[in-house]
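In terms of the working numbering, the sequence shown opens at residue 2 and continues consecutively.
Calculated from the structure, these hints are not laboratory results.
A hint or two may mislead.
[Unchecked claim] Within a straight-line C-alpha distance of at most 25 Å, the following computed DSS-like cross-link-like pairs (lysine-lysine) qualify:
#1 Lys66 - Lys94
#2 Lys66 - Lys49
#3 Lys91 - Lys9
#4 Lys66 - Lys91
#5 Lys9 - Lys66
#6 Lys9 - Lys94
[Stated by the list, open to error] Restraint ranges, calculated between C-beta atoms of paired labels, are given here:
#7 Pro103 - Asp67: 21 to 31 Å
#8 Ser33 - Ala102: 32 to 42 Å
#9 Gly34 - Gly104: 38 to 48 Å
#10 Glu12 - Asp67: 17 to 27 Å
#11 Asp117 - Leu50: 18 to 28 Å
#12 Gly104 - Gly14: 30 to 40 Å
Ideal placement from N, C-alpha and C gives every residue a C-beta, glycine not left out.
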Amino acid sequence: MGNGPHAKLAELGFALPEVVPPVASYVPAVQSGQHVYVSGQLPIAEGKLLATGKVGAGVSAEQAKDLAQRCALNALAAVDSLVGLENVVKVVKLTGFVASAPGFTGQPGVINGASDLLGAVFGEAGRHARSAVGVGELPLDAPVEVELIVEVA
Numbered sequence: 002m003g004n005g006p007h008a009k010l011a012e013l014g015f016a017l018p019e020v021v022p023p024v025a026s027y028v029p030a031v032q033s034g035q036h037v038y039v040s041g042q043l044p045i046a047e048g049k050l051l052a053t054g055k056v057g058a059g060v061s062a063e064q065a066k067d068l069a070q071r072c073a074l075n076a077l078a079a080v081d082s083l084v085g086l087e088n089v090v091k092v093v094k095l096t097g098f099v100a101s102a103p104g105f106t107g108q109p110g111v112i113n114g115a116s117d118l119l120g121a122v123f124g125e126a127g128r129h130a131r132s133a134v135g136v137g138e139l140p141l142d143a144p145v146e147v148e149l150i151v152e153v154a
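Turn these sequences into a full structure, and let the hints steer you where they fit.
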């Protein structure tokens, strides 16, 4: 484990959180063949949404970037609980949703919070395809939501 994903997270100053319980009728992650599909993860820590509102009005882009990073941590926790992070061979696709105030167009920079964490944890295997989408509303008035697809051994 010395240079695996858990060690890398610790080196970056992160502890893998508990899996966030679903807020509706779904499961946190599902494996199909060699892929794990992670349900949309909100920026929840210790059972609480870390912020609410729109990015660009009440939530700064920098704060939202940190929230996207938290979403990615929650996604990694879901993967770990299902198959173990050490079994991830490739981060395939990240989709990020940003609850955006009118005129806010910085969605890619916000979702970099999630992408940068995945790159730091998995190196080259953390480089992924991605969409960063601005939306009018997200569940529970969350500013960001991230979903993930990873390939596993």
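Let me make sure I understand: some of the numbered hints might not hold for this structure. Which ones are they, in numerical order? none
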